[in-house]
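**Q** Sequence:
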Amino acid sequence: MKALITGITGFAGSHLAGYLLSRGDVEVCGTYRVRSSMELLEPITKQIHLVECELRDPHSVHRMLEEIRPNLIFHLAAQSFVPTSWNSPAETMVNNLVGQIHLLEAVRKLDLSCRIHIACSSEEYGLVFPHETPIREDNPLRPLNPYAVSKIAQDFLGYQYYQSYGMPIIRTRTFNHTGPGRGEHFVTSNFAKQIAQIELGLQPPKIFVGNLQAKRDFTDVRDIVQAYWLAATHGEPGEVYNLSSGSTYTIEEVLRILLSLTNVQVTVEVDPDRLRPSDVDTLLGDSSAFRSKTGWAPQIPFAKTMEDLLEYWRILLRKRQHSGRERC
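Counting from 0, one number per residue, gives the positions in the sequence shown under numbering that gives the first Met the number 0.
Worth double-checking, as some hints may not be accurate.
[Stated by the list, open to error] Okay, derived cross-link-like pairs now, DSS-like style, lysine-lysine, Cα gap no bigger than 27 Å in a straight line:
#1 Lys303 - Lys1
#2 Lys214 - Lys303
#3 Lys205 - Lys303
#4 Lys205 - Lys318
#5 Lys108 - Lys214
#6 Lys318 - Lys303
#7 Lys45 - Lys108
#8 Lys45 - Lys318
[What the hints assert, rightly or not] FRET-style restraints, in silico, Cβ to Cβ:
#9 Gln46 - Arg107: 25 to 35 Å
#10 Ala89 - Phe128: 29 to 39 Å
#11 Arg68 - Val267: 19 to 29 Å
#12 Glu41 - Leu201: 34 to 44 Å
#13 Gln320 - Asp137: 44 to 54 Å
#14 Gln264 - Arg141: 38 to 48 Å
#15 Thr261 - Arg135: 31 to 41 Å
#16 Glu183 - Ser87: 12 to 22 Å
#17 Glu131 - Gly200: 44 to 54 Å
#18 Thr44 - Gln264: 23 to 33 Å
None of these hints come from the bench; they were simulated from the model.
For every residue, glycine included, the Cβ atom is placed at its ideal position computed from N, Cα and C.
Construct the entire structure; sequences and hints are all you get.
**A** Encoded structure:
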């Protein structure tokens with residue numbers, strides 16, 4: 000079986016590639032752009048087939064799919080950082096929606112026989128009222144940022160292509176996921192990096208934070224990529240599934256867990272630049288439909304995820320410090 004991962008150089012994409020390789024029965028291919036960082040793929044680069052492709056260019060996408068002709072497509076490529084969507088809403092829309100249109104159109108025109116998984120987001124739910132939690136798939140979508148709007152567009156476009164052309168497309172709305180390799184702009188990873196920098200003397204003993212009261216449903220990325228595989232291979236085409244742990248932590252609780260893993264003493268300071276124009280108070284997902292369909296359930300405790308994330312930054316920063324790339 001041959002699987003294509005768009006966005007393979009990213010956080011979830013690299014973990015998914017590693018998981019598929021570990022199965023031993025999947026040939027792994029992935030798309031990258033010239034400016035893509037290969038850092039997360041370094042341990043497995045020689046075991047995967049990489050193809051340069053700009054998803055915003057329909058001809059590039061068509062050539063790539065004509066060459067690979069996959070049995071499975073995991074569409075993960077996206078501009079996925081919410082604050083960036085506030086600063087660049089148009090670019091977020093183009094990246095996330097137009098790239099997917101080109102992908103689906105190329106599959107249709109080449110008449111490829113492949114199942115397609117589209118990675119969507121819990122941010123689509125946006126404004127959720129207390130009586131609506133835990134959130135089910137039929138909850139109203141009330142997006143609160145441009146990124147969420149772009150993911151709704153991807154979500155519904157996948158549904159439209161399933162209905163219009165019978166393409167076997169499965170969509171997942173993934174709640175917050177984190178773990179080793181998470182980008183430093185995301186809250187759990189940002190806290191972990193700051194702590195690791197303080198430990199190494201690269202930052203004064205002060206942690207900068209945003210909204211600490213938001214509640215999020217966190218799942219380890221290593222559990223999430225297994226869910227992506229199950230969605231693509233066992234999910235019902237045309238359906239959308241929540242992927243979530245079913246429990247929440249406030250961002251303040253996340254910080255406390257990370258601080259319990261270090262001996263450094265720090266002060267905490269709110270950085271106004273880290274506060275969003277509007278924020279989702281609580282994201283708590285009900286993933287019972289997906290669990291019932293596939294038997295999936297998260298296996299990695301959140302404390303273990305945080306421990307591994309902090310250790311990831313310790314190792315990476317020591318490596319960068321040794322090579323002279325990290326400065327105070």
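**Q** Now tell me if each hint is right for this structure.
**A** Hint-by-hint comparison with the structure:
no.	hint	in the structure
1	Lys303 - Lys1	32 Å, violated
2	Lys214 - Lys303	19 Å, holds
3	Lys205 - Lys303	24 Å, holds
4	Lys205 - Lys318	23 Å, holds
5	Lys108 - Lys214	43 Å, violated
6	Lys318 - Lys303	22 Å, holds
7	Lys45 - Lys108	31 Å, violated
8	Lys45 - Lys318	22 Å, holds
9	Gln46 - Arg107: 25 to 35 Å	30 Å, holds
10	Ala89 - Phe128: 29 to 39 Å	30 Å, holds
11	Arg68 - Val267: 19 to 29 Å	52 Å, violated
12	Glu41 - Leu201: 34 to 44 Å	23 Å, violated
13	Gln320 - Asp137: 44 to 54 Å	50 Å, holds
14	Gln264 - Arg141: 38 to 48 Å	41 Å, holds
15	Thr261 - Arg135: 31 to 41 Å	38 Å, holds
16	Glu183 - Ser87: 12 to 22 Å	18 Å, holds
17	Glu131 - Gly200: 44 to 54 Å	46 Å, holds
18	Thr44 - Gln264: 23 to 33 Å	40 Å, violated
In this structure, the hints that do not hold are numbers 1, 5, 7, 11, 12, 18, in rising order.
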